[in-house]
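These protein sequence lines are chains D, B and S, in that order.
In this text, residue positions in the first sequence follow the working numbering: the first is 128, and each later residue adds one.
In this text, residue positions in the second sequence follow the working numbering: the first is 46, and each later residue adds one.
In this text, residue positions in the third sequence follow the working numbering: the first is 37, and each later residue adds one.
Hints are not guaranteed to be accurate.
Said to hold, decoys possible - If you want the footprint, here are the derived chain B segments under chain S, 3+ residues with CB under 8 Å: (1) 169 to 178; (2) 187 to 199.
Unchecked claim - Over the 10 Å line for every Cβ pair with chain B, so calculated as not near, a few chain S residues: (3) R47; (4) A79; (5) F120; (6) T144; (7) G199; (8) P217; (9) D220; (10) Q228; (11) S260; (12) A304; (13) A308; (14) A341.
It is worth saying that the hints were derived from the structure and are not from the lab.
All C-beta atoms in this analysis are idealised placements derived from N, C-alpha and C, irrespective of residue type, glycine included.
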Amino acid sequence: MAEPTLDDWRRWYYALCRIRQFEAQVQRLAGAGEIPGFPHLSTGQEAVAVGVCAHLAPDDILFTSHRGHGHVLAKGSDLERTFAEILGRDTGLCRGRGGSMHLVDASVGVLGATGVVAGNLPLAAGAAWAAQARGSNAISVVFFGDGATGAGVFHETLNLAALWRLPVLFVCENNGYAEFTARSEHSNVAQVSSFAAPYAINAMTIDGNDLPAVYAAAGLAIAGLRRGTGPYLLECMTYRLAGHYVGDSQQYRSKEELAAVKEKCPIERLRTLLLAQGATAAELDALGERARQEVLQAVERARAAPRPDPAAVLEDVYRSGALQSVPG
Amino acid sequence: MALVAVEIPKVGLVMESVRIARWLKGLGDQVQAGEPLLEVETEKSMVEIEAAVSGRLTEILAPVDQQAQVGDRIAWLETGEALKASPPAQEHAAHKAATAPGSSSPPLEPATSTTRDRAGGRLRSSPVARRVAAEHGLDLNQLAGSGPLGRIQLADVQQRVAAGAATGAAGPPPSAPGLSPMRRALARAMTLSNATVPQFSLERELNCTALQALRAEYVTLAPPGSARLSINDFLLQAIARTLIEQPAMNATFEGDVTAPDARLVPARGAHIGLVVAVDGGLLVPVIHDAEQLSLVELARRRQDCVERGLKGRLRRDELEGATTSISNLGANGPDRFMAMINPPQSAILAVGRQRDCVVAGGDGIGVRAQSALTLTVDHRVADGRLAAQFLARLVEILESREWRLA
Amino acid sequence: MAQTFIEILRRALDEELARDDSVYLLGEDVAAGGAFGVTRGLAQKFGAQRVRNTPISEAAITGLATGAALCGLKPVLEVMFIDFATLAMDCLVNQAAKYRYMSGGQLTVPMVVRTQAGAAGGAAAQHSQSLEAWFVHVPGLVVVAPSTPVEAYGLLKSAIRLGEPVLFIEHKRLYTMREAPPDDLSLLPIGQARVARAGSDVTVIAWSAMVSTALEAAEALANSGISVEVIDLRTLLPLDMACIAASVRKTHRVVIAQEAVLNGGVGAEVAARIGADLFDELDAPVERIGCPFAPIPFAPELERALLPGSSTIVAAIENMLGATASGRE
Chain D
128 MAEPTLDDWR RWYYALCRIR QFEAQVQRLA GAGEIPGFPH LSTGQEAVAV GVCAHLAPDD
188 ILFTSHRGHG HVLAKGSDLE RTFAEILGRD TGLCRGRGGS MHLVDASVGV LGATGVVAGN
248 LPLAAGAAWA AQARGSNAIS VVFFGDGATG AGVFHETLNL AALWRLPVLF VCENNGYAEF
308 TARSEHSNVA QVSSFAAPYA INAMTIDGND LPAVYAAAGL AIAGLRRGTG PYLLECMTYR
368 LAGHYVGDSQ QYRSKEELAA VKEKCPIERL RTLLLAQGAT AAELDALGER ARQEVLQAVE
428 RARAAPRPDP AAVLEDVYRS GALQSVPG
Chain B
46 MALVAVEIPK VGLVMESVRI ARWLKGLGDQ VQAGEPLLEV ETEKSMVEIE AAVSGRLTEI
106 LAPVDQQAQV GDRIAWLETG EALKASPPAQ EHAAHKAATA PGSSSPPLEP ATSTTRDRAG
166 GRLRSSPVAR RVAAEHGLDL NQLAGSGPLG RIQLADVQQR VAAGAATGAA GPPPSAPGLS
226 PMRRALARAM TLSNATVPQF SLERELNCTA LQALRAEYVT LAPPGSARLS INDFLLQAIA
286 RTLIEQPAMN ATFEGDVTAP DARLVPARGA HIGLVVAVDG GLLVPVIHDA EQLSLVELAR
346 RRQDCVERGL KGRLRRDELE GATTSISNLG ANGPDRFMAM INPPQSAILA VGRQRDCVVA
406 GGDGIGVRAQ SALTLTVDHR VADGRLAAQF LARLVEILES REWRLA
Chain S
37 MAQTFIEILR RALDEELARD DSVYLLGEDV AAGGAFGVTR GLAQKFGAQR VRNTPISEAA
97 ITGLATGAAL CGLKPVLEVM FIDFATLAMD CLVNQAAKYR YMSGGQLTVP MVVRTQAGAA
157 GGAAAQHSQS LEAWFVHVPG LVVVAPSTPV EAYGLLKSAI RLGEPVLFIE HKRLYTMREA
217 PPDDLSLLPI GQARVARAGS DVTVIAWSAM VSTALEAAEA LANSGISVEV IDLRTLLPLD
277 MACIAASVRK THRVVIAQEA VLNGGVGAEV AARIGADLFD ELDAPVERIG CPFAPIPFAP
337 ELERALLPGS STIVAAIENM LGATASGRE
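Please construct the entire structure, taking both the sequences and the accompanying hints into account.
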């Protein structure tokens, strides 16, 4: 694995800022009532998305959770079409049918976000199985929160993936909270990576707000997957800077907690690192501003996009038009 | 042991429907003949209905607050008596004042295993039996039902059709189609009109010059996109105004002429019917409160009614409530004709075609467009003078230039 | 030469595995032949990669099949008993059924879930259910229930080639049914019912094992001069209303016979549609026959007491046709 250059880091710095700005716009427009339903923000968890996806090729498959905007963007989805989907517009990735929790972009291998916690863990294993069966060295990655370890299917999938040596990377973003409950209250197992050992799976726990650490660990794991060493469980300790969902007033955290959180911001930390390596504040600010402008323009285009036509609401329930004749 | 149906009797002269107010007996209770069984609320008062036979109340079919019609079956009594074959219930000749409580209920017909409801009762029939009967012009009332609870089933209808075809006597000849429901309804209405409504007619020639000129002018004056005005729209507005000005003509006769409670019921607005020819007959959609509508609005309503009437999409309330109708047979119609009143309305205006006539006037002889208007009136509602005043005023308005366009 | 339902299904799977290398079989014990022996020998013939055993993890293996289908494989998953579909519901209902729609048409899920249903003497409440009604309620699924070996062959092959998530519901009691397949054994269309027996006095609509039961009843009634038309729905979702309509227009009377619990069953949907679309054709109310509202008990006499048989159908039809207005029903 070649060492990344300063240019690579700048590129990834930009990617972090881009996700941060995107989520800020989602937050703003949700607050203004323009976004239906409940979008979940990944503000503060950008490094996991960028660090892992830096190793993914177009034919690698990505699944994510309801908190998946960052992963979808990091995999390469178009900014405007992603935002349009969150707004429910006809130009959105899923023509307004899916929304924030069901983002799918088959063109870049994003086979989907799900609103059911842990619901797509076995699907990721299935995608890995398909790659294995075809003899390709593509892999599958699935992002989930630490709350997913409470689901039976999490354990079933680890077992199955290990048995069949499937090339699937399980990335757990452990931000310490499931819905509104601290981990200590919903699991007797503090460290998610400890679930790996019983299934004889490789695992690691890292600081998910440290982009270089994420990059290195993910690289190691993925290289192993491509060589056929079996699934990998990567636990990334991280922190949510926004509430569980937009509108959640974060009453369950103390002010001290929130201040400490700001210190852990992955963008701040990478910035410190890059400044020490020779980048200037001005160029980093310029990158940040460019990211902001890119997002703002995409958001405005998305907001101007047409809404879906209700007359087409029954289309695409089935692939075959002949089956469409089921009356409502 | 037999089951006897309890049906709503006719109470008083005019009774469309009643509301079940209170059951005086419960399920399983024994009732004696003549004992009050339930209370119903009519338009005028609360009335008790008595059991016609003694027995045990085994089923209540109409709960409190349900509406029921005369003849509707509302409960079952299980009697200990053998079945009697009584003559079918007549039109309940008990013409008592409806305010008298506890009016005696007419004789009820016991249900046997082969009889079903007679005149006034609700028929049980399967959907396909009804459809096939209608196709062959058969009256379900004439058929016996072999299905459960006396339901008329397909086989019963088919038997009658076959019998008719075999004997050649019961049914219409194979080549002649049966009456459609619409045709049958029209025949009934016109027979009723002829038989029960004393009608007379008056005629005036209408000078159409002003109307023709106005129609042409209004093409430019009416808001863009409005429907084109037709003579009928002018007629509608003119009749509406005249009805409001002369309310004595805006009423209908109700009741039996020989009875003391016969009366004239005034209408609360100008509700005018328009006779429309449709496939297989005619319909008379009603434009309600026409006096409130401008010519443009009338035109729109007229067009909408006609369109929906041709597609069979008029609602029941859109076919009721008029006191007067217009029958205009159009440019190819007769010079003059007399239309029959459509009960329960009290007048109808027949409009002859517009034609050029030679007219003698104060200043010599001229040619102008005219149309013969023939007003037929219910003599129970109006006499000659009233009708003549109405027609004269109508013509006056139609020859004037005072119209509410939009 | 007559083959059993199991043998013919195996033949269908064998041919599809040979024909299309994206077809994979998976499920608990499938490599060993499966709980009923349907897949016996296929792992040996096609290899352990194409015919794979899985752990007892219905949720994970259904999700695995779904994910693989999204990526171009055509998995044929065996869920041993439809009663265990309960454990796979999230993947079936929230994921597989909805993927195409939620993605705005980007993806398809060409997956078949083979399972079996029905009571067969002593399997008791958790292994005897007929749960097809749950699945016809889910937009995006296709639900097929074959009634004979030859039907199963044609329908399974079509299901595998259909390109949608299909629930293919076999029946325990049909597994030993024998039928001699014709020489031109072929695919059968999904979404089309068939007239299993032509008749003119009453239409009996059935599916799966109840088709045989209905045919028995029809045979018995023929001796009394009653001509029964039996329709085998074959596909429960989507329903072939055209076939049903043609029959009802002829007979004007309908009995729907299902093994499943009556309340909320597929028969209720069929009856409602007949009432709405074919009201003027009916000479009597639509009759439904099904299991009374209780779980399937263990003891044989108790199980027999519940399950509708041909005599139940015969009685319903005689009542419908022979009823006179002798007082109240």
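**Distal placement of S:Q228 relative to chain B, Cβ over 10 Å** = Holds: least Cβ distance 26 Å, greater than 10 Å.
**Asked** Just checking, S:A341 versus chain B, shortest CB gap more than 10 Å?
**Response** Non-interface label stands for S:A341: nearest chain B Cβ at 27 Å, farther than 10 Å.
**Message:** Using Cβ atoms and 10 Å as the threshold, tell me whether S:F120 really stays out of contact range of chain B.
**Reply:** Since the minimum Cβ distance to chain B is about 43 Å, S:F120 lies beyond 10 Å and the statement holds.
**Item:** Verdict on S:P217 as a residue remote from chain B, using beta-carbon distances over 10 Å
**Value:** Nearest chain B Cβ is 40 Å from S:P217, so the label holds.
**Verdict on S:A304 as a residue remote from chain B, using beta-carbon distances over 10 Å** = Per Cβ check, S:A304 is outside 10 Å of chain B; nearest 20 Å; holds.
**Asked** Okay, the segment 187 to 199 of chain B and chain S, do three or more residues pass the C-beta test at under 8 Å?
**Response** Contact hint for the segment 187 to 199 of chain B vs chain S: holds, 9 residues under 8 Å.
**Request:** Would you check whether the claim that S:G199 is not at the interface survives, using Cβ distances to chain B and the 10 Å cut-off?
**Result:** holds (40 Å)
**Item:** Assertion that S:A79 lies outside the chain B interface [Cβ separation over 10 Å]
**Value:** holds (56 Å)
**Request:** With a C-beta cutoff of 8 Å, work out whether three or more residues of the segment 169 to 178 of chain B approach chain S closely enough for the coverage to hold.
**Result:** Coverage by chain S holds here, the residue count being 6 at a Cβ distance below 8 Å.
**Prompt:** Can we trust that S:T144 is non-interface, i.e. its beta-carbon lies farther than 10 Å from all of chain B?
**Reply:** Correct as stated: the minimum Cβ-Cβ distance to chain B is 42 Å, above 10 Å.
**Asked** Once the closest CB in chain B is found, is it more than 10 Å from S:A308?
**Response** holds (15 Å)
**Message:** Using Cβ atoms and 10 Å as the threshold, tell me whether S:R47 really stays out of contact range of chain B.
**Reply:** holds (45 Å)
When each numbered hint is compared with the structure, no violation occurs for any of them.
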